[in-house]
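Trainee: Here is how the chains run, residue by residue.
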Amino acid sequence: MSKNGYSSTELMICVAARLMEDGTTTFIGTGIPMLAAALAQRLYTPNLIPVFEFGGVGALMDELPLGVGESRTFHRALSATGICDVMETAQRGFIDYGFLGGAQIDMYGNLNSTVIGDYHAPKARLPGSGGANDVGSLCWKTIAIMRHEKMRFVPACDFITTPGYLNGPGAREAAGLPAGTGPIHVVSTLARLGFDPTTCRMSLEAVYPGVSVEDVVNSTGFELLLPRETPEIEPPTAEELHLLRDEIDPDHLYI
Amino acid sequence: MNVVETGIGDLIQPPDIEGFREWNRTKKSRKLEDKLMSEQDAVAEFVCDGCYLGTELYGTVRAPMSVVREILRQKPQHLRLAGQGVLEIDLLVAGGGVEAIDLNYYGLEVYGVSCVLRRAVEGGHIKQMAEWSNAAFSWRLKAAAMGVPFLPIRSMLGTDTFRRSAARVVEDPFTGGKICLVPALILDVSIIHVHRADRFGNAQIDGISGFAFEMARASKRLIVSAEEIIPTDQIRQCPDRTVIPYYLVDAVVHAPFGSHPGEMVYHYGRDEDEIRAWVNASKTPEGTAAYLDKTVYRPQNHAAYLEMIGEERLSDLRHKAENHR
Chain X
1 MSKNGYSSTE
11 LMICVAARLM
21 EDGTTTFIGT
31 GIPMLAAALA
41 QRLYTPNLIP
51 VFEFGGVGAL
61 MDELPLGVGE
71 SRTFHRALSA
81 TGICDVMETA
91 QRGFIDYGFL
101 GGAQIDMYGN
111 LNSTVIGDYH
121 APKARLPGSG
131 GANDVGSLCW
141 KTIAIMRHEK
151 MRFVPACDFI
161 TTPGYLNGPG
171 AREAAGLPAG
181 TGPIHVVSTL
191 ARLGFDPTTC
201 RMSLEAVYPG
211 VSVEDVVNST
221 GFELLLPRET
231 PEIEPPTAEE
241 LHLLRDEIDP
251 DHLYI
Chain E
1 MNVVETGIGD
11 LIQPPDIEGF
21 REWNRTKKSR
31 KLEDKLMSEQ
41 DAVAEFVCDG
51 CYLGTELYGT
61 VRAPMSVVRE
71 ILRQKPQHLR
81 LAGQGVLEID
91 LLVAGGGVEA
101 IDLNYYGLEV
111 YGVSCVLRRA
121 VEGGHIKQMA
131 EWSNAAFSWR
141 LKAAAMGVPF
151 LPIRSMLGTD
161 TFRRSAARVV
171 EDPFTGGKIC
181 LVPALILDVS
191 IIHVHRADRF
201 GNAQIDGISG
211 FAFEMARASK
221 RLIVSAEEII
231 PTDQIRQCPD
241 RTVIPYYLVD
251 AVVHAPFGSH
261 PGEMVYHYGR
271 DEDEIRAWVN
281 ASKTPEGTAA
291 YLDKTVYRPQ
301 NHAAYLEMIG
311 EERLSDLRHK
321 AENHR
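As they're listed, the protein sequences go chains X and E.
Residue numbers for the first sequence follow this note's numbering, beginning at 1 and rising by one.
Residue numbers for the second sequence follow this note's numbering, beginning at 1 and rising by one.
The hints are simulated quantities; they were obtained by calculation from the structure and are not laboratory data.
Since the model is a prediction, treat every value here as computed from it, not as a measurement.
Beta carbons: idealized from backbone N, C-alpha and C, even for Gly.
Simulated crosslink set (DSSO-like; lysine-lysine; CA at most 27 Å straight-line):
{"hint": "1", "chain 1": "X", "residue 1": "Lys123", "chain 2": "E", "residue 2": "Lys127"}
{"hint": "2", "chain 1": "E", "residue 1": "Lys127", "chain 2": "E", "residue 2": "Lys283"}
{"hint": "3", "chain 1": "X", "residue 1": "Lys141", "chain 2": "E", "residue 2": "Lys178"}
Cβ pair distances, simulated, as ranges:
{"hint": "4", "chain 1": "E", "residue 1": "Thr6", "chain 2": "X", "residue 2": "Gly93", "range": "22 to 32 Å"}
{"hint": "5", "chain 1": "E", "residue 1": "Ser29", "chain 2": "X", "residue 2": "Asp251", "range": "44 to 54 Å"}
{"hint": "6", "chain 1": "X", "residue 1": "Val217", "chain 2": "E", "residue 2": "Thr6", "range": "33 to 43 Å"}
{"hint": "7", "chain 1": "X", "residue 1": "Ile116", "chain 2": "E", "residue 2": "Lys283", "range": "12 to 22 Å"}
{"hint": "8", "chain 1": "X", "residue 1": "Phe94", "chain 2": "E", "residue 2": "Lys28", "range": "31 to 41 Å"}
{"hint": "9", "chain 1": "X", "residue 1": "Lys123", "chain 2": "E", "residue 2": "Pro285", "range": "15 to 25 Å"}
{"hint": "10", "chain 1": "E", "residue 1": "Gln128", "chain 2": "X", "residue 2": "Gly23", "range": "43 to 53 Å"}
{"hint": "11", "chain 1": "X", "residue 1": "Ala124", "chain 2": "E", "residue 2": "Asp41", "range": "33 to 43 Å"}
{"hint": "12", "chain 1": "X", "residue 1": "His120", "chain 2": "E", "residue 2": "Pro149", "range": "22 to 32 Å"}
{"hint": "13", "chain 1": "E", "residue 1": "Asp34", "chain 2": "X", "residue 2": "Met151", "range": "52 to 62 Å"}
Turn these sequences into a full structure, and let the hints guide you.
Mentor: Here it is in structure tokens:
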């Protein structure tokens, strides 16, 4: 909790929720994306269709799921199907957005959730792709949610689990990934970031209240594209905070 | 077909589709036979040293935890594992018999990374490994279920996930574009936990079906554990709910609360305290050993395990599921 009366994690969830679009199909992963989707459904996007990889489609997110297959991922949902159907639906171009996380991200939005250090003698073995690679490959637009630290915003991921723009413009299509797909935003604990359409490099869009551009640059391990002017993001509203703290995550699993 | 790139991960279970057809012709009965047996007999008969093992759905959701605990008790060695899971694969790896993992997702979800996996990999105890995405894994099962050697997919391309897999990138012979081919995954043994089954193995699932449909059809041997054993008449009343028909099944095990401490939608909720107990215990080798001793090795079977958990807690968990409809 900062002196502002809210934490950067809380604002990160709000910023992610504000990026959701009503009437779209949106792939939701475990953790922060679930809180953001629950908040968005209550406040901004009542017709958001959350899609969970093990088969839940169109759940009402009254209670926070603790995993991508648990019963709350299809609570009062429109369909309870299986992973092949969901992934094939994404492969056919039916899933608009995907929310992702990871331990590392680089300037092209590539994500690592597999291993820190050498693959065979790692410093840390992480859970692996799960559905992340599929979400990053097959959804039209992806948004990463990351803690903003220099050790996470790295010049090169130790392992590219999930494709961003790989090594730059045209690389996704050259690799055989579906055309017209890729990351559009990163929501961090300091700022909202985007990707430059020409270079596919990560760019700063807006900073959190009390955060300077320099703070963001100093917490980023690669050269960030900077706009001429950097707007400040609206802090969480009282309503957002109330819903997050009292309804969505009353057990404080994440906030 | 022109191969453009070859993943360098281990092909832990090479697909033998002719062998699979022959297996299904000669080793799988089409007769409606009583397959109900104890978890001890099912594991003793079908889980052997060196086998390639898969479980469904996963660790905290409709997971075959009771059969997994029995596998630990019987200590099969040199196991190869489909690494999609949470608590169930954590127990299997902690039990010490796992040598190879096709790794898709192996973590503790909301509780983060698995310390058991970290110790196993960082200590070099896993001899063979390959990375896959969850869709790639499910499509590998689907290929086996279709009886074809591979499927073309549009995931994994351009990434290290591909590079450390045993997939191939080829030039699509129809369009000339690049496409990823994943090999069929035919499992030696699968264990799937379901809501209800009859004695012949006709099995029905409520809620999401995960990858049960595909895994059941991709397996040489299949152990189904079920919350309820029901008469075949009841199956015949709603055959549309049958995800797994009897001829795929080799053993039916009655396992009420079989997914505990995971959940079973509409029947019981997650036992958060017990899940946290494992998360904390598994942080150290000593804690892991003590937890396994208490919950796996000391109770002789699943009935004894449930007795240890206690009716009061189980009844609370039943209550928890009531508002999930």
